[in-house]
Amino acid sequence: MQKQKRLGLLAKQKAAGWGFLTPASLLIFVMSFYPMVQAFITSFKTGSAARLQWASPITYNYTRMFQDTVFKTAMGNTFLYLIIQVPIMLILAILLAQLLNNRDLKFRGLFRTMIFLPCATALVSYALIFKTLFAREGLINSMLMGLGIIKENVDWLGQSTTAKAVIIIALLWRWTGYNMVFFLAGLQNIEYSVYEASTIDGANGWQTFWSITVPLLRPVIVMTGIMSINGTLQLFDESVNLTAGGPSNSTITMSHYIYNNAFVGKANFGYTSALAFVVFILVAVLAVINLKVGDTRD
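Quick note on numbering: the sequence shown equals residues 0 to 297 in numbering that gives the first Met the number 0.
If you are wondering where the hints come from, they were derived from the structure by calculation, not from laboratory data.
Do not rely on the hints blindly, as some may be mistaken.
[Said to hold, decoys possible] Straight-line distance between alpha carbons at most 25 Å, and here's what the computed DSS-like set of lysine-lysine pairs gives:
| id | residue 1 | residue 2 |
| --- | --- | --- |
| 1 | Lys-130 | Lys-105 |
| 2 | Lys-71 | Lys-163 |
| 3 | Lys-44 | Lys-71 |
| 4 | Lys-130 | Lys-163 |
| 5 | Lys-291 | Lys-44 |
| 6 | Lys-150 | Lys-163 |
| 7 | Lys-71 | Lys-265 |
With the hints as constraints, model all of the structure from the sequences given.
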C-alpha cells in the first residue's frame, strides 16, 4: 500500500515538473530555436524579402563575404575592440573589486555605487553623452586646450583612429563597473582567514593577489570573459550612436553592418542571415576556447 502511494506521489511530482517545464520549453523553441533554423535556411537564399529563392551556388552568401571589403573592415574593427577593450576592462574590474573589498575602506558602498552607476545608464543615452563630450567644441577639447595639451580642437569622431579610441573609452566606462560586481561577489565568497594566513606566512600583497585571489576567482574570470567577448562581438549601440560607423565605415562593427544590410536601403535577408551565423559561430568558438583555457580539471 505504501509502495503504491510512493509511486503515485512520484507520478504527481513528475507531472508537476513537466507542467512547469513544458510552457517554458515551448516558448524557447518558438521564440529562439525555430527562428534560428529559419534564419539558417534563409542564409542560403537570395532576392528581396517577398521573393526569396535558393542561391546559385547554394553557398553564394557565404563565399560573398570573402569579397566584401566592408564586412572585412567590420570584422577587423570588432576584433580590435575585443583585443584592446576586454582585457583592460577585466583587469580594471578585478583591481577595483579587490580595492573595494577592503574591510578598512570607508564609504565602500558609495564607491561601489558610483562605479556601477554607468552600467545603469541607458545605452543610447550614454552614447549621446560621449558624443557630446568628444564633439569638436565639446568639454574634452576645452579641457585639453585649457591645460595646454592641444593647440586646436581635435575632431575626435571625424578621424578613424581617434573615433575608435573614443568607442573603446566609452565601452570601458560603461562595462567596467558591471564586471566589477561579479568579481566583488566572488571575492566576498573567499574566506578572510585565507588572506590572514598568507600574511602570517610572509606573503606580500602581489603574491597574495596572484597566488590566492586569481586562482579562486578563475570561474568568475571565465564567466565574465565569455560575457565580455559575446557582448563585444555583438557591439552595436556605440557604432550606431557614437560614430554612425564612420568616417567611411572605418569604425563600423559586424552587428551594425548586419543591421544595415537588413533594414537600411534594400533589404537583403539572405546575406544578412549568413552574416549573423558567422557571428554566431565566432561567439561559440571563442566561448569554447575560453572555457578550455579556464578549465583546470584533470
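Structure-based check of all given hints:
1. A C-alpha spacing of about 34 Å is found between Lys-130 and Lys-105, which places the hinted pair above 25 Å, so the restraint is violated.
2. Of the pairs offered as hints, the one joining Lys-71 and Lys-163 holds, with about 16 Å between alpha carbons and a cut-off of 25 Å not exceeded.
3. Between Lys-44 and Lys-71 the CA atoms are separated by roughly 21 Å; this keeps the pair inside 25 Å, and the hint holds.
4. Pair hint Lys-130 plus Lys-163 holds up; C-alpha atoms about 12 Å apart against a cutoff of 25 Å.
5. At roughly 35 Å between alpha-carbon atoms, Lys-291 and Lys-44 are farther apart than 25 Å, so this suggested pair is violated.
6. As the CA atoms of Lys-150 and Lys-163 are separated by approximately 22 Å, the hinted pair is consistent with the 25 Å bound.
7. About 20 Å separates the Cα atoms of Lys-71 and Lys-265, which keeps this hinted pair within 25 Å; it holds.
Going down the numbered hints, you'll see the structure goes against 1, 5, while the others check out.
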